[in-house]
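Chemist: Order-wise, the sequence lines are chains A and D. According to this note's numbering, the first sequence is numbered sequentially starting from 1. According to this note's numbering, the second sequence is numbered sequentially starting from 1.
Check each hint, because a few of them may be wrong.
Claimed, not checked - Lysine-lysine pairs mimicking BS3-like chemistry, simulated, CA-CA at most 30 angstroms apart:
1. Lys155(A) <-> Lys77(D)
2. Lys196(D) <-> Lys171(D)
3. Lys220(D) <-> Lys171(D)
4. Lys77(D) <-> Lys150(A)
Unchecked claim - Some residues of chain A that are not near chain D, with every Cβ distance over 12 angstroms (derived):
5. Leu5
6. Asp11
7. Ala15
8. Arg21
9. Ile62
10. Ala67
11. Thr69
12. Ser162
13. Glu184
Please keep in mind that the hints were generated in silico from the structure rather than gathered at the bench. C-beta atoms are modelled at their ideal positions from N, C-alpha and C, and glycine is treated no differently.
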Amino acid sequence: MTDHLTPEAFDRLLAVLDADRERAAEAYERVRLKLIRFFEWRGAARAEDLADACLDRVARKIQEGTAITGSDPLVYFYGVARNVLRESWNDEKRRNTLLKKAERPDLTHREAEDEELETRLACLDLCLGELAEENRHLILRYYQGRGQAKIDSRKELAAGLSIPLNALRIRAHRVRVTLESCIEDCLREEGDPKRIEGLRNIQRDQTS
Amino acid sequence: MNPSSKQDSPWRAYLLGTATAGQERSMEERFLEDDGAFEELEAAETELLDDYTQDALTGEERVSFERLLVASPRLTKRLEVARDLQRRFEGTRAFSSRTIDPPRDRAVVPRWLLAAAVALVAIGGSWLVLTSRTGESDPKTAGAESVTFELTPTVRGAGGGNDLVLPPEAKEVVLIVPTIRAGERTRAVIQDVLGKEIWSGPASAQGARYFIRASAPPLKAGDYVLVLSSDTAPNEVLAEYAFRIR
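If we strip away everything but chain A, and leave its shape as in the complex, we get:
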């Protein structure tokens, strides 16, 4: 979508976000991420395309002379995003989706995935091992137990760290994001047999 955007229009868009170009580029990426999430959380199927369409449209408006006033330009972005979302609802043919549990390939596991599961768990172990000790301790405690035992464990953990439960939740989420990013990198090399063997060797070494 943004491939039709002229460099001049893009520069003007960045200038609206911040006078400093480097900070503006960071702000742009942040806004784009939030817009992608906005469309995803509203159930849109092509969230990235819609976010780019939104940014594209804002840039065109600015180039055409629309002045974005107010203390925060994101209010304007949001207004455009809502319009793009509404249009996508009209455009998108509604799918007749069968969400029967046993037939949801994206939400269930298949027997054929056993080997893949082993690889994923190996990556998980590897990435847990790469976390800083403090973070690893936190995530292990955070996911310890089930039901009431888990709730009690988290209360203890928060009390031990002298932070409220909500702050603990945010902190655990940050560690989780780091962990997921590491796992994604690890799995990217999944197709490489040497990599898989390497992961298994790491596991063997760790237990020997």
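Got chain A sorted already, so can you dock chain D onto it with the hints?
Modeler: Quick look at chain D alone, frame taken from chain A:
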């Protein structure tokens, strides 16, 4: 962190589509402007993934969350990690995973995990014992008793698109259609092609969609029409959806 505080979380309500239109707008403005709010929302998403994996969502919450999951490859990936974490730390089977987990008797436990276990046991933890348990069947996941379909607007009799395959064990069918009049109580009636009422009940609005929970057994193979009408004016038809059960 307790169940009631979770349910009170406005971010959670936003993600599940149970916030009002006004609340949605206010929260969206907030997370776009405020990085802290955005992070809170992402943390709520993580928590929902964990709750989904642990079968800790209500039926309606699960249906709402599955709508997000099927539309987002990113969330589907995150769901895999949530399941793996559950396997590793709780030793229980992931929700909706019907297959038998690979035997864990040959599972290796990394040295750092052993070291962490010693530390946790010292503070009263018992998770390591759980990590070596094999998967156990979860009675709650046995059988597809509730199935969900999203209906497409069609012309009555054309039947195009809304061909639904209802498994014999299904006890409940959830039909999802777009909300027509927000805030107005809406009634749903399923009729056969001759206009005979097969089922009727409320259309429960959640955000931009109605969730209609009907009993599955009366729906044999054949053509049907879902009729939505205002609860206060039953003769005023708001929308009709033709569908076929196979």
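Chemist: If a hint holds in the structure, say so; if it doesn't, say that too.
Modeler: Hints, one by one, checked against the model:
1. Lys155(A) <-> Lys77(D): Satisfied, since the Cα-Cα distance of roughly 29 angstroms is no more than 30 angstroms.
2. Lys196(D) <-> Lys171(D): Between Lys196(D) and Lys171(D) the Cα gap is close to 21 angstroms, so the pair holds against 30 angstroms.
3. Lys220(D) <-> Lys171(D): 12 angstroms, holds
4. Lys77(D) <-> Lys150(A): It holds: about 24 angstroms lies between the C-alpha atoms, which stays within 30 angstroms.
5. Leu5: 21 angstroms, holds
6. Asp11: Fine: 22 angstroms to the nearest Cβ keeps Asp11(A) off the interface.
7. Ala15: 19 angstroms, holds
8. Arg21: 20 angstroms, holds
9. Ile62: At about 18 angstroms from chain D, Ile62(A) clears the 12 angstroms cut-off, so the statement holds.
10. Ala67: Per Cβ check, Ala67(A) is outside 12 angstroms of chain D; nearest 19 angstroms; holds.
11. Thr69: Check passes; 15 angstroms lies beyond 12 angstroms.
12. Ser162: Non-interface label on Ser162(A) holds, nearest chain D Cβ at 16 angstroms vs cutoff 12 angstroms.
13. Glu184: Violated: least Cβ distance 7 angstroms, not greater than 12 angstroms.
Of the hints listed earlier, the one the structure fails to meet is number 13.
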